[in-house]
Amino acid sequence: MAQDDAIEARSSRKVYGTGPEAVVALDDVSIAIRKGEFFTLLGPSGCGKTTLLRMIAGFETPTAGQILLNGRDITDAPPNLRPVNTVFQSYALFPHLSVRRNVGFGLQMLGRPASEIDQKVERALAMVRLGEMADRKPTQLSGGQQQRVALARALAPSPEVLLLDEPLSALDLKLRKEMQSELKRLQHELGITFIFVTHDQEEALTMSDRIGVMSAGRLLQVGSPREIYNHPVNRFVADFIGETNFLPAEVSGGVATIAGGIAIPVDAGSPEGAHTIAIRPEHVRILPQDAGAAMRGTIAETTYFGTDSHVRLRLDGGADLVARYQSDTAGGEAPPTGAEVGVSFTPGAVQVLED
Amino acid sequence: MARRDFSASRIPGFATVAVLVFAALYLPIMMLVIYSFNSGDSIAIWEGFSFKWYPVAWNNEQVREVTFRSLTIATVASVIATTVATMAALGTTRRRGTKGQTFIYVMINQPLMVPEIVTAVALLIFFASIKVATGYQGLGYLITAHAAFCIPFAYLPIRARLEGMDRTLEIAAADLYATPWQAFRHVTLPLLMPGIAAGLMLAFVTSLDDVVITLFVKSAGQDTLPTYMLAQIRRSVSAEVNAISTLLLLLTVILLTAFFLLTRKRD
Chain G
1 MAQDDAIEAR
11 SSRKVYGTGP
21 EAVVALDDVS
31 IAIRKGEFFT
41 LLGPSGCGKT
51 TLLRMIAGFE
61 TPTAGQILLN
71 GRDITDAPPN
81 LRPVNTVFQS
91 YALFPHLSVR
101 RNVGFGLQML
111 GRPASEIDQK
121 VERALAMVRL
131 GEMADRKPTQ
141 LSGGQQQRVA
151 LARALAPSPE
161 VLLLDEPLSA
171 LDLKLRKEMQ
181 SELKRLQHEL
191 GITFIFVTHD
201 QEEALTMSDR
211 IGVMSAGRLL
221 QVGSPREIYN
231 HPVNRFVADF
241 IGETNFLPAE
251 VSGGVATIAG
261 GIAIPVDAGS
271 PEGAHTIAIR
281 PEHVRILPQD
291 AGAAMRGTIA
301 ETTYFGTDSH
311 VRLRLDGGAD
321 LVARYQSDTA
331 GGEAPPTGAE
341 VGVSFTPGAV
351 QVLED
Chain S
1 MARRDFSASR
11 IPGFATVAVL
21 VFAALYLPIM
31 MLVIYSFNSG
41 DSIAIWEGFS
51 FKWYPVAWNN
61 EQVREVTFRS
71 LTIATVASVI
81 ATTVATMAAL
91 GTTRRRGTKG
101 QTFIYVMINQ
111 PLMVPEIVTA
121 VALLIFFASI
131 KVATGYQGLG
141 YLITAHAAFC
151 IPFAYLPIRA
161 RLEGMDRTLE
171 IAAADLYATP
181 WQAFRHVTLP
191 LLMPGIAAGL
201 MLAFVTSLDD
211 VVITLFVKSA
221 GQDTLPTYML
231 AQIRRSVSAE
241 VNAISTLLLL
251 LTVILLTAFF
261 LLTRKRD
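Line order of the protein sequences matches chains G and S.
The first sequence begins at 1 in full-length UniProt numbering and counts up one residue at a time.
The second sequence begins at 1 in full-length UniProt numbering and counts up one residue at a time.
Hints are supplied without guarantee of correctness; some may be wrong.
[To be verified] With a straight-line Cα cutoff of 20 Å, these simulated EDC-like cross-link-like pairs (lysine to aspartate or glutamate) come out: (1) G:K184 x G:E37; (2) G:K177 x G:D209; (3) G:K137 x S:D166; (4) G:K137 x S:E65; (5) G:K184 x G:E166; (6) S:K218 x S:E65.
[To be verified] Facing chain S, from chain G, some residues (calculated, C-beta under 10 Å): (7) P79; (8) N80; (9) L107; (10) Q108; (11) L110; (12) P113; (13) A114; (14) R153; (15) A154; (16) F246.
FYI, nobody ran anything at the bench for these hints, they're computed from the structure.
C-beta atoms are modelled at their ideal positions from N, C-alpha and C, and glycine is treated no differently.
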């Protein structure tokens, strides 16, 4: 394994129950998370992302496989012996303790001297800008403030890895955006490895250094937000992240042929045979009818979104597509419903999917 | 036809029945309290207002002796019962997938379901053989018996509190480097305190007013306040008993009010 991996899961498997009722929550997942990176586990609910997080924290024992922290096997170590802290989805603040005691809890349990605890609690609270709330009880705080206390509490003992289990899902949109940049800033400042679990693809794309996309207990793809967005390995990833047009095609020798016999150049190394091709709406260009485009189509519907319009169009071969039409493009407004237009795809933007 | 929502309070005679029930519950108690201030020594004929029975009861050496004995038994027994009940509640809510949970639950709550007289006779026979074997005649038998039948009263509120508690808090404590004992000491126990206090008070009150089991188990000269009062009333009707009962009632009201306030807090 590489020297700079903070967390490594090796063929980790988790099965709940036995016999015919057994549920495989995690199916032989292997993953390496580098030191100091903001790593996001992304997937729909029930995909196993939280199970994997709980295994790293020590709340679950894998049925098979290993969990390594800095190269050390921690598979069977209880949570209190792992230098890993968690920000819980429900925050899980201790209701009977003040904010200060909550934040100092980890250090107190580690038996650190009072002076050190005071100093670190002070610093953690300042970090999340809650210094003046130190003597309140958690129930006297708003949801956003509780979230910050949970974050300060998990960071105060200076863990090697911070685990965040959908921490922003209970916040409203504005607060969520604020906390997203706050988290990003903290991660950057502290240099701690963050493992973030979410089902929100936009959140994953904007915050992460790398993303692991999961579905049905399997890890489908690991890569930077750009890689995941531009080169999804399969239909699930392409569909889950962003909007995508899927078109059935026959691929042969670097050309994908879609309905109506329209030939679209694709990457030469693409798999051959009957496959689905994927093209993002922003890579579908709508041109004047007389611009000499390879494809022609008819506008079926235009929905105005402010910065852009979503245009549904039907290619002459019969395939349906969604395109984005930037509001500021020359020519101003998107063409009206029923208009005949030329269509082209951004070169290199068409992906042939494995399945 | 029935356009309005069903409500029991709209049934004809609802108010009458309610008043009768409350009267049956509280009228005798009110009579008791009123007659404790009777200046005469009858518990049925009102002869004027007086506080005299309170000092009479207080100055009665026997009353003081049995009250002290009752309080001793109730205190020791309720502390034992609550300790056992807390452990039982932790065992039945914090262990995953233990088979036969219902069976254990029924076993713990057995004293609530078995007729008290059965328990009383069983304890009488059981303790008699121990007395013969050891020669010990002390209060230990009464304390043991009381602790045993008080366990379910302490167990129920503690278990309810544990079941309502967010398990994530204990997990969070472990995540923040608390050993299982530290997590219990710093998170579970403080959050459980209202339940434990409620259980303790219920057990205390239950022990304090027990008659049936006490009558069967006690040795000579081990009268508790309730058995003493029963004997007094049988012998000659004494107005003194009214005063003692009123004081017991006051103690119970105070304890139950505290119980209510404690369990309501933070929920």
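Checked hints:
1. Among the hinted pairs, K184 of chain G with E37 of chain G is consistent with the structure: their alpha-carbon atoms are about 11 Å apart, no more than 20 Å.
2. Of the supplied pair hints, the one linking K177 of chain G and D209 of chain G holds, its CA atoms being roughly 17 Å apart against a limit of 20 Å.
3. A distance of roughly 17 Å separates the Cα atoms of K137 of chain G and D166 of chain S; the hinted pair therefore holds under the 20 Å criterion.
4. The hinted pair formed by K137 of chain G and E65 of chain S fails the criterion: a straight-line CA distance of about 47 Å is larger than 20 Å.
5. With a CA separation close to 15 Å, the supplied pair K184 of chain G and E166 of chain G stays within the 20 Å bound.
6. About 15 Å separates the Cα atoms of K218 of chain S and E65 of chain S, which keeps this hinted pair within 20 Å; it holds.
7. With 10 Å as the threshold, the beta carbon of P79 of chain G comes within range of chain S, its nearest partner Cβ sitting at about 4 Å, so the hint holds.
8. Taking 10 Å as the C-beta cut-off, the interface hint given for N80 of chain G holds, the closest approach to chain S being about 5 Å.
9. Of the supplied interface hints, the one on L107 of chain G holds, with its beta-carbon coming within about 8 Å of a beta-carbon of chain S, less than 10 Å.
10. With a least beta-carbon distance of about 8 Å to chain S, the hint placing Q108 of chain G at the interface is held under the 10 Å criterion.
11. The interface hint given for L110 of chain G holds, since its Cβ lies 5 Å from the closest Cβ of chain S, which is under the 10 Å cut-off.
12. Taking 10 Å as the C-beta contact cut-off toward chain S, the hint placing P113 of chain G at the interface is violated, the least distance being around 15 Å.
13. For the restraint placing A114 of chain G at the interface with chain S, the shortest Cβ-Cβ distance is roughly 16 Å, beyond the 10 Å limit, so the hint is violated.
14. The beta carbon of R153 of chain G is positioned within 10 Å of a beta carbon in chain S (closest approach about 7 Å), and the interface hint is therefore held.
15. The restraint placing A154 of chain G at the interface with chain S holds, with a minimum CB-CB distance near 8 Å, inside the 10 Å limit.
16. This hint is violated: F246 of chain G has a C-beta 40 Å from the nearest C-beta of chain S, more than the 10 Å allowed.
The structure fails to meet hints 4, 12, 13 and 16 from the earlier list, while all remaining hints are met.
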